[in-house]
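A.B. asks: Protein chains in written order, with full-length UniProt numbering: chain A, 1 to 142; chain B, 1 to 142; chain C, 1 to 142.
Hints are computed from structural coordinates only; laboratory data are not their basis. Quick reminder that beta carbons are idealized off the backbone N, C-alpha and C, glycines included. It is possible that some hints are incorrect.
Calculated cross-link-like contacts (lysine to aspartate or glutamate; reagent style EDC-like; alpha-carbon spacing at most 20 Å) [to be verified]:
(1) C:Lys-2 to B:Glu-118
(2) A:Lys-86 to C:Asp-114
(3) C:Lys-74 to A:Glu-10
(4) B:Lys-141 to A:Asp-69
(5) C:Lys-34 to C:Glu-106
(6) B:Lys-2 to A:Asp-69
(7) B:Lys-74 to C:Asp-114
(8) C:Lys-141 to C:Glu-26
(9) C:Lys-87 to B:Asp-69
(10) B:Lys-2 to A:Glu-123
(11) A:Lys-141 to C:Asp-69
(12) B:Lys-86 to A:Asp-114
(13) C:Lys-87 to B:Glu-10
(14) C:Lys-2 to B:Glu-123
(15) B:Lys-86 to B:Glu-26
(16) A:Lys-53 to A:Glu-26
(17) C:Lys-122 to C:Asp-69
(18) A:Lys-2 to C:Asp-69
(19) B:Lys-87 to A:Glu-118
(20) A:Lys-2 to C:Asp-114
(21) B:Lys-74 to C:Glu-26
(22) C:Lys-86 to B:Asp-114
(23) C:Lys-141 to B:Glu-123
(24) A:Lys-74 to B:Asp-69
(25) A:Lys-2 to C:Glu-118
(26) C:Lys-2 to B:Asp-69
(27) C:Lys-141 to C:Glu-10
(28) C:Lys-74 to A:Asp-114
(29) A:Lys-87 to C:Asp-114
(30) C:Lys-53 to C:Glu-26
Some chain C residues judged to face chain B by a derived CB distance under 10 Å, without partners named [claimed, not checked]:
(31) Ser-22
(32) Ala-37
(33) Val-56
(34) Asn-63
(35) Ala-95
(36) Glu-96
(37) Phe-108
(38) Ala-126
(39) Lys-141
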Amino acid sequence: MKISARNSFEGTISALSSGPVSAEVEISTAGGDKLVATITQGSVQTLGLAVGKPVVALVKASNVMVMTDGSGVKLSARNCLTGTVKKLAQGPVSAEVIIALPGGAEIFASITRDATTELGIKEGVAATAVIKASSVIIGVKN
Amino acid sequence: MKISARNSFEGTISALSSGPVSAEVEISTAGGDKLVATITQGSVQTLGLAVGKPVVALVKASNVMVMTDGSGVKLSARNCLTGTVKKLAQGPVSAEVIIALPGGAEIFASITRDATTELGIKEGVAATAVIKASSVIIGVKN
Amino acid sequence: MKISARNSFEGTISALSSGPVSAEVEISTAGGDKLVATITQGSVQTLGLAVGKPVVALVKASNVMVMTDGSGVKLSARNCLTGTVKKLAQGPVSAEVIIALPGGAEIFASITRDATTELGIKEGVAATAVIKASSVIIGVKN
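So that you can see chain A by itself, here it is in the shape it has in the complex (with noise of 0.2 Å):
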């Protein structure tokens, strides 16, 4: 699989819940790390989900938020993964910022270059990213 989706964790199901339409499924990576998805129950039929079952998320790096400061306050998004800058790359309107997290994963974020400034995003801060779990796909292996 060749994709444009920046992030790509790959896991095992360790939970699943379903509804009429909608499914939450969490992912536990092997650095460590959960990541929490939300598809459609079709989906989940489809590529035969299960608890247990191996899979990789994949993620857009314009789906993810980075934060510099989570202090007082707590998000509905499912996923907020912490680690360390360890890259940003400016553009004139966009930029993209790479946060290494302590399990070894990296996730690449595409935000807007005011936004970098804003937090005083530089290599080396520590940083938050910030993901919904209605920007998470979840990928089977044939």
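Please build the complex by placing chains B and C on the supplied structure of chain A, with the hints as guidance.
C.D. replies: Showing chains B and C alone in chain A's frame:
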């Protein structure tokens, strides 16, 4: 809290409906706007969400579409906020648009440069920010 | 209607399933493609959606991923539309890719510049547009 999401609206939960996996939350802001968020039922419980609770609604600029002519169509997107273009910044591929709402709030949208040309977006033009409910994150203060 | 969403597909609702909060809508386009959208049940009622109703499906370019090799994997993303890269425009950080589908439709994707290099994206290459159902907006004409 310091987060890269360009859009942050303080308000109070004015309606809340829950399903087995998903929940829909309506936030009434101080400026008189309403925003609808779709989040997981898990987050409703973790954050202790209920009608009347003060919250902040966060939206990434890349999740905001801009509509300059909404005549003849109704959209499934739950959030359509109309105001006036206050600023336009263009890069070679991307562009950032700031829309000022009547109640005083400002909305940042990241769209393609081509779209700004086709839509005739410039300062002073009337424009509507279109946001899917699934793109809205809810935050609560500790 | 003039909206910044780069992707607009006219079609007819071919399937509709509803839950207490979410609903899944399948649209069959004139070009023979199918798109699945996850929207709120509130929008189904507001828009009067039903099987057979003509609608337009809107997708922001930043919500489209590009896959150049889908071998060995199945994705939860409900929309995987395969065609040929018609155009590639690159900025310093972002890039825009246009994929032409066999039925005549074109899909715009905003991805990172790095991804276009890694995936070998250039004009004439086969590519699949991958879109989560939660990224699709439904519009109906008045």
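A.B. asks: Which earlier hints can't be squared with this structure?
C.D. replies: As far as the earlier hints go, 7, 9, 13, 15, 23, 24, 28, 38 are violated by this structure, in ascending order.
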